[in-house]
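Asker: Sequence:
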Amino acid sequence: MKPTAERRFIPSYALSFTAFAVVTPYLSIMVRDMGYSPVWVGILLGVFEGSAIAGPFVFGYWADKTGNFRPAIIVTYILSALVAIPMVRWIHPAVSAVLLAALAFGFRSTASLLDAITTIQIGKSGDYGKIRSWGSISFIIFSLFLQWTPFLKPNSAGNIALWIVLTSLAAIIPIISLPRASLISTEHHTEKSGGEGKGIPLLSIYFIGGFAIIFLCRFAMSSVYTYFPLYLTETLQWNAVGLMFALSSASEVPFMFISAMLLRRFGALTLLAFSAAGITVRLLLWALFPYKAVIIAAQLLHSLCFGIYHPAAVQFISSVFPAKKRGRGMPVYLALGSGLPALIGNMIGGAVVESAGYRPLFAIYAGVAGASVVIFFVMRRKKEEELEGNNTTLFARQ
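Residue numbering for the sequence shown follows our numbering, beginning at 1 and increasing consecutively.
Worth flagging that the hints you see were computed from the coordinates, not collected in a lab.
Remember, it's a predicted structure, so these values are computed and weren't measured experimentally.
It is possible that some hints are incorrect.
[What the hints assert, rightly or not] Taking lysine to any residue and the SDA-like style, the derived pairs with C-alpha atoms no more than 20 angstroms apart in a straight line are:
{"hint": "1", "residue 1": "K130", "residue 2": "P174"}
{"hint": "2", "residue 1": "K130", "residue 2": "R7"}
{"hint": "3", "residue 1": "K153", "residue 2": "L230"}
{"hint": "4", "residue 1": "K292", "residue 2": "Q237"}
{"hint": "5", "residue 1": "K383", "residue 2": "F211"}
{"hint": "6", "residue 1": "K292", "residue 2": "S251"}
{"hint": "7", "residue 1": "K292", "residue 2": "L144"}
{"hint": "8", "residue 1": "K382", "residue 2": "L269"}
{"hint": "9", "residue 1": "K292", "residue 2": "A363"}
{"hint": "10", "residue 1": "K383", "residue 2": "L263"}
{"hint": "11", "residue 1": "K383", "residue 2": "A371"}
{"hint": "12", "residue 1": "K382", "residue 2": "A212"}
Build out the structure end to end from the sequences listed, making use of the hints.
Answerer: This is the structure we're talking about:
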């Protein structure tokens, strides 16, 4: 696909990630401001992440079945906008759980659908990382805007809900404006992307081990997305949530731009393991050194924790699922590699925070991320043993 055609997706990522700049840093603060304890915050955000398992599958199946991604993407934005205000008006655990599930059903499906159609349209020769980096740039700008805006500051549940509505509706505009050909999955694009193969076997060591690494990384990162904002505002009494998330996103942008080169040089699994090491160090710094300067420095490790991690994970999925199944393949990544580990991580995390505090939580979850590094080295050793065995067999035959 030509670079001009690739650039068509940039406005969609840019406006979609204004909504991410609201939900990612402020959702836990919104739920806390609704009057829930840390345990209930963990439970309700666990419900939110758990619903992220189902939503992308439903919308991905719809998009794959029709071959047209536009209606599915638009509905995800509308659903997010519809439930935000009722959520802060009708406060009851059961009602909050249902509405958060509906929010996740829509919100968590948008990136999955965008990633699926983008990777199909640009094919193997396209540079997904450069396109996706514009979403990060938009996230940074809007996070800083929310941090310093003089009106509708995201310091209350009502204001956060209103920003979810406004950004979700605005994100529909570039999707409507895209040509129909840019949002369809056809046999032409499937062949062009080289994705008609069968992909990697789902019971292979590569698939199981790769998903185990992704699972554990996302489990550990649940402490970043859910409990780090509460740690800043409640323990450190530091109103810098938007600034910290903008800083972390800024660190990821350069690595997004060079991700294609890194993937060609090292491969997806090696980069995933490198990201896991970055997550481990980041969480240990928070656990051991509760100082603002250290926290700022640790935020720069988001360059590894997501700037390298996400393109590597998307590349991993693209190698497993051929283009004609990509709409359902991305939800598998979101379910097993995002929704399920975040659900478990949030629920366990709430209990840990309630009983021990935020810093022990970060230390424990650093160990979880470290386990994924161990899995990578076990996989690599297994591969080396297989290669040595093949060479020995070949030598014996000669």
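Asker: Run the structure past the numbered hints and jot down the numbers of the failing ones, going up.
Answerer: none
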